[in-house]
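Start from the sequences, fold in the hints, and give me the full structure.
Line by line, the protein sequences give chains A and B. Numbering-wise, the UniProt record's numbering puts 126 at position 126 of the first sequence, and it's gapless, one number per residue. Numbering-wise, the UniProt record's numbering puts 315 at position 315 of the second sequence, and it's gapless, one number per residue.
Hints were generated in silico from the structure; no laboratory data involved. None of the values given here were measured: they were computed from a predicted structure. Worth double-checking, as some hints may not be accurate.
As the list claims (entries may be wrong) - Which chain B residues face chain A? A few, computed with CB under 8 Å, are given here: (1) His64; (2) Leu68; (3) Arg86; (4) Cys90; (5) Ser139; (6) Val233; (7) Tyr266; (8) Tyr427; (9) Arg547; (10) Asp549; (11) Lys554; (12) Asp555; (13) Lys562.
Positions of the beta carbon are idealized from the N, C-alpha and C atoms, including for glycine.
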Amino acid sequence: MQAKKRYLILLSAGACLLLLSYLGGVQLPAASRSRHDRSRTGYRPDQPWPHFSDPLHLFSPVGHTDTEEYNLHISPRQKRDGTASVYKGKRCRVDSCFDFAPCQRNGFKVYVYPQQKGEKISESYQNILSTIEGSRFYTSDPGQACLFILSLDTLDRDQLSPQYVHNLKTKVQSLPLWNDGRNHLIFNLYSGTWPDYTEDLGFDIGQAMLAKASISTENFRPNFDVSIPLFSKEHARTGGDRGFLKYNAIPPLRKYVLVFKGKRYLTGIGSDTRNALHHVHNAEDVVLLTTCKHGKDWQKHKDARCDKDNAEYDKYDYKEMLHNSTFCLVPRGRRLGSFRFLEALQAACVPVMLSNGWELPFSEIIDWNTAAVIGDERLLLQIPTTVRSIHHDKILSLRQQTQFLWEAYFSSVEKIVLTTLEIIQDRVLEHGSRSSLLWNSHPGGLFALQPLVTNSHLGGFEKLCIKPYPKFTAVIHAVSPLVSQSQPILKLLVAVAKSQYCAQIIVLWNCDKPLPAKHRWPATSVPVIVIEGENKVMSSRFLPYETIVTDAVLSLDEDTVLSTTEVDFAFTVWQSFPERIVGYPARSHFWDSNKERWGYTSKWTNDYSMVLTGAAIYHRYYHHLYTNYLPTSLKGMVDQLANCEDILMNFLVSAVTKLPPIKVTQKKQYKETMMGQSSRASRWADPDHFAQRQTCMNKFASWFGAMPLVHSQMRLDPILFKDQVSILRKKYRDIERL
Amino acid sequence: MYASGKYSSRGPALIPRMKTKHRIYYITLFSVVLLGLIATGMFQFWPHSIESAADWTLDKRSVHDAPLVHLPVSSPIPERGDLSCRMHTCFDVYRCGYNPKNKIKVYIYPLQKFVDELGVPISSTGLSREYNDLLSAISDSDFYTDDVTRACLFIPSTDVLNQNSLRIRETAQALAMLPRWDKGMNHLLFNMLPGGPPDYNTALDVPRDRALLAGGGFSTWTYRQGYDVSIPVYSPLSADVELPERQPGPRRYFILSSQTAIHREYRAELERLKEENGEALLLLDKCSNLSQGAASARKRCCKGQVYDYPHILQESSFCVVLRGARLGQAALSDVLQAGCVPVILADSYILPFSEVLDWKRASVVIPEEKLSEMYTILKNIPHRQVEEMQRQARWFWEAYFSSMKAIGLTTLQIINDRIYPYAARTYEQWNNPPVVKWSSVNSPLFLPLIPPRAPGFTAVVLTYDRVESLFRVITEISKVPSLAKLLVVWNNQNKSPPEGEKKFKCPECTAIDGLSLDQTHMVERSECINKFASVFGTMPLKVVEHRADPVLYKDDFPEKLKSFPNIGSL
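Structural data, given as structure tokens:
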């Protein structure tokens with residue numbers, strides 16, 4: 001009985017316990033669930049932040065006490081002057097070390113000091129100076145200048161270098177316009193020397209701005225200095241080589257994943273990362289090679305790894321690796337920047353930066369994450385994993401961006417210098433400066449001149465023209481006096497005015513005779529504005545006249561023969577290609593290997609590379625670019641010859657778009673062959689005319705540094721053009737009848 | 001087993017027969033078990049009330065229950081921030097490490113209440129609602145970790161948003177006492193109102209060693225580019241007021257000034273502008289007849305007329321945001337919310353999130369000195385651009401200014417992008433409104449690559465069973481010199497493709513050849529077009545009136561000299 005009782009009690013207690021633990025067991029997951037549901041949990045250390053239920057103080061951004069204090073405080077003007085005197089030297093900013101007044105007065109003009117006798121200047125610095133002197137910013141009058149450039153060579157400030165200029169300090173101080181370096185820009189590629197390679201230039205730069213290679217983030221004064229790339233003395237002055245990428249391979253992987261070939265330094269600074277590269281080298285797809293073999297006495301300092309590294313180094317060809325690798329390592333050298341950077345960029349080998357603290361070239365405007373992988377020297381061993389994890393799409397996009405950036409900003413000394421100046425100009429005229437999008441997308445900031453391009457902040461240049469204004473302005477270039485009512489110009493005027501897309505007609509009167517009376521012009525439904533040409537020069541036909549309100553400009557010669565239908569059709573085509581020249585008279589260029597120069601032809605051929613502006617439609621932005629981007633030397637040549645302005649325009653547009661113009665329909669106007677038919681002394685009748693055009697071609701090509709024109713084999717015709725269907729079904733039937 | 005069943009059914013009858021001593025013992029035991037059962041049942045059925053009761057005792061839900069920490073007077077003070085700090089010198093990247101998700105881990109210190117030896121708190125306000133919101137948002141985000149050993153970034157729970165409410169020295173000591181402080185390495189502080197009278201420094205005055213500062217109101221001299229993060233000054237109106245988005249376009253006023261704390265010299269300048277340009281400008285000030293407080297923050301006055309703020313901001317194209325004692329102004333947030341283009345006059349100011357946001361697309365920055373030229377400068381901006389800026393301004397507010405959560409997570413994302421730059425968000429992702437993201441497909445294939453010298457082309461021929469015409473196509477196309485490869489896709493499950501060069505007749509082919517003329521076929525295709533257009537939300541196809549021909553097409557010219565003489569002959 002007793003045992004039975006005990007048994008019973010044990011059993012019931014056990015049952016109760018089981019029940020308890022069952023219920024408790026259900027309880028447990030519920031509790032853990034509610035731990036994630038933070039609205040129900042209270043405050044516990046090492047727990048997600050609780051949502052406190054008690055009334056908390058509110059953050060108030062405006063305290064009225066502040067206001068009163070502020071109003072009692074010194075006037076803002078005094079405060080500004082105060083900051084200007086405090087922040088000097090390493091703390092210089094445009095607010096404290098730059099004088100805006102001359103720039104606002106005269107625009108962004110750059111003065112170059114005259115070269116002093118006996119001062120030798122390196123070839124690279126000479127290239128920089130001549131670029132500035134040939135640019136549209138140049139002024140020879142220091143009174144007009146916003147920015148001053150020294151004629152003393154400051155590029156190489158390594159005391160051990162043969163290019164080093166001595167006594168720079170005294171030479172600079174004695175310049176009458178120095179003014180403690182205010183509004184001066186100093187170019188520098190190398191600073192410091194063995195063993196520590198500091199960033200000191202060895203003379204007091206005062207309040208001058210620096211355009212310096214290998215500048216560190218610590219020394220870089222944001223919005224004041226400009227970081228420029230390190231370039232070699234062989235770097236092209238103008239134009240420069242194209243990028244090496246010829247086509248896209250998909251998938252975009254190359255033979256090697258990551259390569260590097262360079263020196264390892266046995267003494268002095270700069271080799272920590274390079275010394276460790278062999279850990280990552282796998283002799284297969286990651287090939288990172290260093291050599292100790294450089295300098296006179298490397299044997300004396302050589303370490304245990306040297307022989308092995310040197311042997312491996314000699315097994316590979318640098319060029320071969322560069323062209324066949326997806327990524328290229330760019331580790332710091334003696335200084336933060338190295339030649340590897342530009343080499344990789346040009347070779348479309350995505351640079352992998354390993355140079356902690358380097359303010360990357362033109363970092364103010366270039367988004368380097370779109371064209372390079374920015375690594376951390378401290379994480380060298382992770383680099384292979386990191387680059388392997390980058391998606392194919394991203395590689396493709398990084399690779400193409402290297403090519404865009406190379407061609408837009410780095411391929412020549414001229415581009416590097418102009419980019420530097422444009423960056424400074426943007427700071428000086430800040431409220432009109434270019435958005436990052438314009439700098440980082442085709443065709444790049446150098447072609448994105450103000451103010452027209454800032455019409456749209458959305459998108460690069462192509463996107464600029466998403467919805468062009470649906471009408472055009474015709475600009476007729478008139479050079480001969482109005483004598484008869486049957487003159488071609490009057491017929492042209494009537495035909496163009498009849499176009500449904502015509503907003504207005506501007507007659508540019510570049511004739512020596514006075515303007516004809518108003519009634520001599522035919523009555524039209526659109527306004528006809530007659531403008532007396534400025535100095536009656538050729539270039540005036542491409543001035544950005546304020547009267548041009550439409551995006552499209554239809555440029556016409558006075559003797560052009562064009563029907564209304566042709567005008568209409570050309571304009572509808574242009575709306576699809578607003579960044580190109582669209583028109584009728586097509587011409588071609590070719591390389592004359594006998595004469596070793598470019599040739600110009602008007603023969604009927606299977607391709608063309610120019611559409612002359614005697615009958616062409618293009619964006620009015622090109623008037624702006626023609627006038628403001630091109631140097632006076634080229635425009636002067638055009639004006640003097642009264643010829644080639646149409647060729648120059650084609651060079652310009654193709655340099656921007658990297659695309660050929662577009663010829664529409666069969667119509668050809670071959671004025672070069674029409675000489676005999678014309679009784680008037682047209683400029684086309686001049687026997688020198690054709691020869692001049694050959695000369696122009698070569699002169700232009702040399703200024704652009706390369707031949708920008710691109711051939712095309714395509715002509716755009718109306719749909720159903722010459723098709724075997726009833727003419728009544730065709731919209732542009734007049735075009736076929738001609 | 002049987003026995004136990006029998007006895008259990010008779011159980012209650014057994015009790016009176018037991019000894020009293022035993023009986024009490026058993027009754028107590030049973031009651032305890034029963035009580036336990038009841039208690040468990042209550043846990044089960046009213047978990048909420050039970051738990052909150054437990055919270056009340058175990059988990060503190062009130063800030064007042066945070067542990068109290070006494071700061072000894074001699075407690076170490078961190079060094080002032082080092083101006084040369086950069087990610088590669090003052091930030092320990094090893095703590096973040098390689099991480100396949102490319103996401104940093106952020107730890108938040110538990111709340112503590114710091115007091116000095118006399119028991120006076122280091123902050124007059126303690127944790128603010130806004131800082132609490134910020135920390136909650138971070139702890140709810142993917143960045144959060146509660147494992148302090150895995151954290152890459154540490155956020156103190158001490159609220160330093162407003163320097164005015166802080167005791168500088170003690171706050172610094174409190175920071176230095178944090179268990180993982182380690183010279184401030186990888187610590188992030190959020191501050192919106194730095195400095196105080198009379199100098200109003202532009203960065204938090206609390207000494208903080210190497211800690212990163214997310215600050216509102218940095219100047220170019222205090223901002224450590226690439227290390228600190230410039231953040232907006234949060235406007236509490238963002239949470240209280242709902243301003244519907246307005247279509248971009250011209251507004252009733254051209255320029256509006258609505259700030260109340262404007263230096264009198266600047267106010268005089270604005271009034272001069274108003275005299276010159278009249279109705280286009282509206283200058284508002286605080287209402288003198290209203291008492292200070294929340295209500296006054298929502299009203300503005302001009303010559304006795306009362307305007308609702310911030311609603312009035314929606315009535316202007318441009319809104320002036322002038323510096324006050326501090327560079328960062330909460331008004332910027334209100335202005336953006338209203339879709340008004342901010343005209344920022346605050347020399348040397350580092351705009352919020354300027355590391356990633358392209359402010360040129362959403363604002364106009366004018367040097368303070370040129371306030372008098374403001375009207376002319378703004379008049380020169382084309383309408384189209386103003387509209388784009390209005391749209392952009394509103395989008396910036398929605399994405400980056402509208403809440404403490406937006407501000408906090410944007411800051412973390414910026415730091416994240418620095419640590420994993422190869423996985424960083426792109427310019428487009430940061431700056432393009434969602435609408436634009438849809439319309440511009442940014443495939444790397446469409447990047448301008450010049451010259452595209454492709455190694456020929458691959459022909460892909462889709463075929464069902466018209467073998468004869470397939471062979472005709474193959475014969476013709478294989479003559480093309482730039483053909484690299486020919487791929488035939490046999491789209492017929494019922495028939496196997498013909499082999500090799502064998503030619504055979506296909507009697508039914510002729511019948512099917514007329515396929516594309518078939519009426520039902522055309523109807524189907526029209527339906528397709530409508531379906532696709534509705535899925536795309538718009539009709540992406542564009543109509544043109546031109547077609548491409550060779551340059552000498554149909555010209556009166558010897559055919560043998562033409563590059564493509566056969567075009568149009570088929």
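Cross-check of the supplied hints:
The beta carbon of His64/B is positioned within 8 Å of a beta carbon in chain A (closest approach about 7 Å), and the interface hint is therefore held. At a threshold of 8 Å, the smallest CB-CB gap from Leu68/B to chain A is about 14 Å, leaving the interface hint violated. Satisfaction of the interface hint for Arg86/B is found here, the shortest Cβ-Cβ separation to chain A being roughly 5 Å, below the 8 Å cut-off. Taking 8 Å as the C-beta cut-off, the interface hint given for Cys90/B is violated, the closest approach to chain A being about 11 Å.
The restraint placing Ser139/B at the interface with chain A holds, with a minimum CB-CB distance near 4 Å, inside the 8 Å limit. Hint on Val233/B holds. Least Cβ distance to chain A is approximately 5 Å, under the 8 Å limit. The interface hint given for Tyr266/B is met, as the beta carbon of that residue sits about 7 Å from the closest beta carbon of chain A, less than 8 Å. Satisfaction of the interface hint for Tyr427/B is found here, the shortest Cβ-Cβ separation to chain A being roughly 5 Å, below the 8 Å cut-off.
Against a cut-off of 8 Å between C-beta atoms, the interface hint on Arg547/B holds, since the closest Cβ of chain A lies about 5 Å away. At its closest, the beta carbon of Asp549/B sits 5 Å from a beta carbon of chain A; the interface hint therefore holds under the 8 Å criterion. A least Cβ separation of about 5 Å between Lys554/B and chain A falls short of the 8 Å threshold, and the interface hint therefore holds. Interface restraint check: Asp555/B against chain A, minimum CB-CB distance 6 Å, threshold 8 Å, status holds.
Residue-level restraint check for Lys562/B holds (minimum Cβ-Cβ distance to chain A is 6 Å; threshold 8 Å).
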